[in-house]
Amino acid sequence: MAEKIKGKGVIAGIAVGNILLAGQNLDSFLVAYKPGKPDAEKKKAAAAIMAVAENLKKSIEDFTAQGLKEQAGILEAHRLLVEDPSISEAVDTQIDISGSAPKAVLDAYEANAKIFEAMEDEYFRGRAVDMRDVGKRIAKYLLGIKEPEIVGKVIVAGKDIEPSVIAGLPTDKIAGVILGVGSTTAHAVIIAKTRAIPTVVGVGDGIAKIADGDPVILDGETGEILIRPSDEERDSYNDKIKKQEELKAHYAQLKDKPAITLDGKEVELVANIGSPADADAAVKNFGATGVGLFRSEFVFMGKTDVPKEEDQFKEYKAAVEYCASVTHGEGLCVIRTMDIGGDKPLPYIQVGKEENPFLGYRAIRISLQRKDLFMPQLKAILRAGVYGKAAIMFPMVINVQEFLAAKEFVEDAKRELAAEGQKYSDSVQVGIMVETPAAAVMAPALAKYVDFFSIGTNDLVQYTLAVDRGNAQISYLYNHFNPAVLRLIKRTIESANKEGKWAGMCGEMASDPNAAIILMAMGIKELSMSAPSIPRVKERIRNITLTKAKEILDKVMEMEDGDKIKDYLATLG
Amino acid sequence: MTEATTTIENKTGIHARPASVFVQKASSFKSKVQIKAKGKTVDAKSILMIMSMGLTKGTEITLVADGPDEKEAVAALKKLVDDKFGED
Numbered sequence: 001m002a003e004k005i006k007g008k009g010v011i012a013g014i015a016v017g018n019i020l021l022a023g024q025n026l027d028s029f030l031v032a033y034k035p036g037k038p039d040a041e042k043k044k045a046a047a048a049i050m051a052v053a054e055n056l057k058k059s060i061e062d063f064t065a066q067g068l069k070e071q072a073g074i075l076e077a078h079r080l081l082v083e084d085p086s087i088s089e090a091v092d093t094q095i096d097i098s099g100s101a102p103k104a105v106l107d108a109y110e111a112n113a114k115i116f117e118a119m120e121d122e123y124f125r126g127r128a129v130d131m132r133d134v135g136k137r138i139a140k141y142l143l144g145i146k147e148p149e150i151v152g153k154v155i156v157a158g159k160d161i162e163p164s165v166i167a168g169l170p171t172d173k174i175a176g177v178i179l180g181v182g183s184t185t186a187h188a189v190i191i192a193k194t195r196a197i198p199t200v201v202g203v204g205d206g207i208a209k210i211a212d213g214d215p216v217i218l219d220g221e222t223g224e225i226l227i228r229p230s231d232e233e234r235d236s237y238n239d240k241i242k243k244q245e246e247l248k249a250h251y252a253q254l255k256d257k258p259a260i261t262l263d264g265k266e267v268e269l270v271a272n273i274g275s276p277a278d279a280d281a282a283v284k285n286f287g288a289t290g291v292g293l294f295r296s297e298f299v300f301m302g303k304t305d306v307p308k309e310e311d312q313f314k315e316y317k318a319a320v321e322y323c324a325s326v327t328h329g330e331g332l333c334v335i336r337t338m339d340i341g342g343d344k345p346l347p348y349i350q351v352g353k354e355e356n357p358f359l360g361y362r363a364i365r366i367s368l369q370r371k372d373l374f375m376p377q378l379k380a381i382l383r384a385g386v387y388g389k390a391a392i393m394f395p396m397v398i399n400v401q402e403f404l405a406a407k408e409f410v411e412d413a414k415r416e417l418a419a420e421g422q423k424y425s426d427s428v429q430v431g432i433m434v435e436t437p438a439a440a441v442m443a444p445a446l447a448k449y450v451d452f453f454s455i456g457t458n459d460l461v462q463y464t465l466a467v468d469r470g471n472a473q474i475s476y477l478y479n480h481f482n483p484a485v486l487r488l489i490k491r492t493i494e495s496a497n498k499e500g501k502w503a504g505m506c507g508e509m510a511s512d513p514n515a516a517i518i519l520m521a522m523g524i525k526e527l528s529m530s531a532p533s534i535p536r537v538k539e540r541i542r543n544i545t546l547t548k549a550k551e552i553l554d555k556v557m558e559m560e561d562g563d564k565i566k567d568y569l570a571t572l573g
Numbered sequence: 001m002t003e004a005t006t007t008i009e010n011k012t013g014i015h016a017r018p019a020s021v022f023v024q025k026a027s028s029f030k031s032k033v034q035i036k037a038k039g040k041t042v043d044a045k046s047i048l049m050i051m052s053m054g055l056t057k058g059t060e061i062t063l064v065a066d067g068p069d070e071k072e073a074v075a076a077l078k079k080l081v082d083d084k085f086g087e088d
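Sequence order for the protein chains is V and C. Going by the numbering used here, the letters in the first sequence line up with residues 1 to 573, in that order. Going by the numbering used here, the letters in the second sequence line up with residues 1 to 88, in that order.
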């Protein structure tokens with residue numbers, strides 16, 4: 001019988017695979033470790049350091065050969081930390097104290113990590129993570145814990161998983177994700193969503209029951225996880241897997257059909273993506289006709305310096321090309337400029353401590369003050385526009401002045417590109433995310449200047465209702481059908497249409513089939529969502545008329561209770 | 001023993017990438033190489049020691065090498081610092 005643990009299923013689907021533990025705890029191994037004489041331990045430590053440096057060298061060569069310069073650069077810095085002459089001395093000293101080579105290695109790097117953590121400079125503080133990472137690598141070698149080799153499909157598990165861990169693994173290798181923490185908005189979960197990877201969060205201490213390499217079955221709907229299942233248990237899941245396959249097949253035949261109502265009203269269903277590879281999967285597997293939100297944060301995260309224009313250009317160009325490839329060049333790729341703030345500080349963006357980062361120095365507020373960050377990004381998008389259809393979208397805008405200032409930067413970027421003799425597209429659309437109540441209220445004015453609006457409901461709901469959706473005690477108040485929210489959305493869409501501009505949506509609400517029909521009735525042109533949600537929404541739109549949807553909308557707008565609206569719409573589906 | 005004094009000019013100072021480049025270069029010489037700055041002297045072949053000095057833009061540093069290729073070492077490392085590690 002398998003051991004069972006349970007969490008909250010957040011991305012549906014059954015996954016079968018072996019566990020790959022992220023952020024492994026070494027304590028039990030350290031206790032079990034039997035050290036030899038100090039001299040022998042010192043020799044072992046020295047040999048481990050050499051071996052780990054050799055392994056890193058090989059990985060660096062591989063990354064370099066594949067053109068993955070960033071990864072190679074990070075590992076190169078790690079290699080130097082491994083071979084650092086001051087470390088071998090510190091390790092020897094620690095062995096004289098504790099007698100154990102792996103413990104000495106961990107202690108030596110920990111001591112350095114502490115020094116860096118105490119530094120003024122935010123960048124240096126961040127490097128403490130690298131030191132602990134390196135120390136752990138060598139200690140694992142000494143303890144005989146092998147670096148996981150990815151054979152077949154893996155289920156990545158950890159108390160909290162760094163987004164870079166999931167982003168760094170090839171998509172086709174990750175069958176599932178298990179998180180100890182409960183957040184459904186953790187970055188790891190957002191990435192998993194764009195790739196339709198079955199995910200369970202909030203298993204808490206259950207994570208300790210799973211060991212590296214354990215075979216598990218994970219149900220992303222019920223949140224159940226079976227560790228080391230028996231053959232019978234595997235069989236019982238085969239039925240579920242079969243049903244999953246059938247639904248998949250039904251959705252697959254919808255892939256190339258348009259999202260069009262019975263009376264001929266078409267809505268564009270496009271994808272939210274975090275990397276160009278997501279765009280490829282979205283158009284090929286789920287029939288997205290473009291990208292409504294390219295979160296450019298991943299271009300910025302995991303970097304030690306401001307990402308270069310050339311590197312950004314390559315990423316954007318790839319996504320723009322994928323969109324153009326499926327739709328005879330008509331597929332639009334909307335790239336959102338950097339949306340980062342104090343909640344996720346970066347070495348090259350000094351935000352400092354803030355009481356409330358979500359109401360702080362972030363997104364467009366940083367971009368407008370940091371020409372060195374903003375210009376390379378704008379130039380890279382304008383250049384990518386040559387390869388298809390690109391659009392620039394500014395996040396967190398609250399007034400007309402911010403938009404006009406940002407637009408002026410776009411014009412400057414064009415002038416710079418022209419002076420440099422670079423090819424760029426002059427027809428790149430420029431619009432904003434409507435995610436603050438201020439922008440929604442001022443939509444009639446903003447609509448005169450922008451090319452488009454894209455409603456970001458995650459933040460719009462949060463800011464409008466003053467509800468932190470991560471707070472379990474008040475999460476019942478978080479509802480995108482709240483009448484106040486619906487009025488702001490309707491106002492935004494109508495304002496755009498009145499000025500001959502278009503409005504779309506890129507928040508989670510867009511992936512709710514019940515919301516899709518009323519949004520369509522309000523006059524929305526495009527719905528952007530994590531690609532795996534596209535078939536569900538498409539199915540709903542293809543089975544209703546616009547006339548009926550408008551009737552439903554009229555009824556909904558008369559209702560005063562968001563929960564009742566939600567229930568009412570659910571009865572129709 | 002050979003010495004040379006110069007000033008860090010690249011805008012982000014010696015953080016990880018420049019420190020990596022610097023240590024790789026220093027390690028390619030047989031001589032013992034040290035950096036003196038802010039009243040401290042550290043091994044120039046140790047990325048930890050160099051990074052822990054927090055060498056920001058405008059810091060004056062002295063490069064000291066002692067060994068068979070000390071002249072070449074000091075000249076090459078000074079050039080690296082003066083060229084801002086290929087940044088900017």
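Simulated from the structure, these hints should not be mistaken for lab results. Keep in mind that a hint or two might mislead.
Label-pair distances were calculated between CB atoms; the ranges are [claimed, not checked]:
#: 1; chain 1: C; residue 1: 30; chain 2: V; residue 2: 34; range: 37 to 43 Å
#: 2; chain 1: V; residue 1: 369; chain 2: C; residue 2: 59; range: 23 to 29 Å
#: 3; chain 1: V; residue 1: 51; chain 2: C; residue 2: 30; range: 46 to 52 Å
No residue lacks a Cβ here, since even glycine has one placed at the ideal position from N, Cα and C.
Comparing the hints with the structure gives:
Range check, residue 30 (chain C) to residue 34 (chain V): about 40 Å between beta-carbon atoms, so the 37 to 43 Å window is met. For residue 369 (chain V) paired with residue 59 (chain C), a C-beta distance near 26 Å keeps the hint of 23 to 29 Å intact. Distance hint check for residue 51 (chain V) and residue 30 (chain C): the Cβ-Cβ separation is about 25 Å, which falls outside the suggested range of 46 to 52 Å.
In this structure, the one hint that does not hold is number 3.
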